[in-house]
Amino acid sequence: MVLRKRYPRYDAFLDTRNCSSRTNLDLTLEMRMGFRPINPAGGANTGTYNDYGSSSGTPRQIVKWTAAEWNAWKASFCSSAQAYWDAKFWIDNRQGAFALKVGKDVFIPNGYCRFKLIGSDASAGFHHHIIDVVRLAPSENWFGSHSTLYDSKDTNLVPKAYDSKGKPILQRAHVHEVGHLLGLGHVAIGQRGCPVTGDTNASPCYGTSDQDKKSVMGGGMRLDTIHGTAWLGAFNDFVAAQPQSPIYAPAPAKKRAPQVLMRRAYPRTVAEFEAGTLVTKLLPGR
Amino acid sequence: MLHATPLGRWRSFLTIAAIAVAGCSDRSAAENLQAPAAAETAKGAPMAEQKCENDPTSRSLCMIRMILDHVAQDPDRAGGGISEIKAASSTSYEVALPKEGRIVHRTYSFEVKEGSIRMNAPTERVESF
Ligand SMILES: [Zn+2]
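Sequence lines, in order, name chains A and B. No gaps in the numbering here: position 231 of the first sequence is 231 in the numbering used here, and each next residue is one more. Each number in the numbering used here comes from the position in the second sequence (counting from 1) with 1000 added on.
With the rest of the complex left out, here is chain A (with noise of 0.2 Å):
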């Protein structure tokens, strides 16, 4: 069986075909990003573009896109922010559905969280968000960009804050970037100097402590199970539009609400699910 959702931002799979004692169902985000290319005025070789592409920023030294650079670009982005987000979460299906039948044995799957990036041209074809990327001359190091304008160094490991010793914080910005398109805010929003109702690309919200400022959503590159919000709003709608299972449909008491995990749990029986058993090791002859 294989579930679709379109969301906004992504659209979601939920594919029991794999599912066996031993294998999870597959749950994916499908985000298509359309990307278009900002080369310098007139046609020249070289120019300049603002920050945030805002007249108020300062100018910066760009490049013409070549079309070899330009696929490679894309290429890149695409293959290490979905190589970032990809099978780093699994949802703990405490709510018992999509039971399958090994056999005479009954198994409850867990999701396997998977992310896939699709990028191509803006220019044809449907996608969930459009960026413009511009190239930066290899004398600039920086650029500002914003959730629709990205620069070509977008992709590389630079600091981003510095702990409370002075050691940078690295971080890679698209993968921060796909973390918003995936509908995550910054780390510390509802935090001191950070409210919801406030601004929250203020600099609080970046987090203020060593912990915050290493998270993903922050100035670094840690995954928290936070993180794994949108697959687990995909696994709770899917689940909210199944119909009663012939299979196994488990007494209102034994279900609780799915949870991120960050580790594999594997398929449960009936007495696991209903004990509340997290199989994190595979048992013999499973």
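There's no promise every hint is true.
To give an idea of the chain B side of the interface with chain A (calculated C-beta under 7 Å), a few residues [unchecked claim]: (1) 1102; (2) 1104; (3) 1128.
These are computed hints drawn from the structure, not numbers from a lab. Here a beta-carbon is modelled for each residue, glycine too, at the ideal position from N, C-alpha and C.
Take the given structure of chain A and dock chain B with the ligand to it, following the hints.
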């Protein structure tokens, strides 16, 4: 001169500022939050103070040097550098610090006395893009 918003990190700022001429700290909290430091200031520890000639150019140089030292010591200095330092008055400057998706506009104000200037805790507002 008590303000209500000291953040812990500003305490280290004050400690260092008391030793060095120009202080260090990260920037203040969200938009228009008074940068902290006030409690310690009330106890007599200045944010940063510098002896300075009284002519306008010397004062400007002193203030800008103190601002640059402050930015240099900022634990959150990563980003696109300094895009603007602009006098907002004879005793205050607005400094623009571009970051990803936003420009942090930090206002530094100074108390000018005969022969010295003292930097107050800066305030910030954020311009998002
Ligand atoms: Zn961000």
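Here is how each hint holds up against the structure:
| no. | hint | verdict |
| --- | --- | --- |
| 1 | 1102 | holds (5 Å) |
| 2 | 1104 | holds (6 Å) |
| 3 | 1128 | holds (4 Å) |
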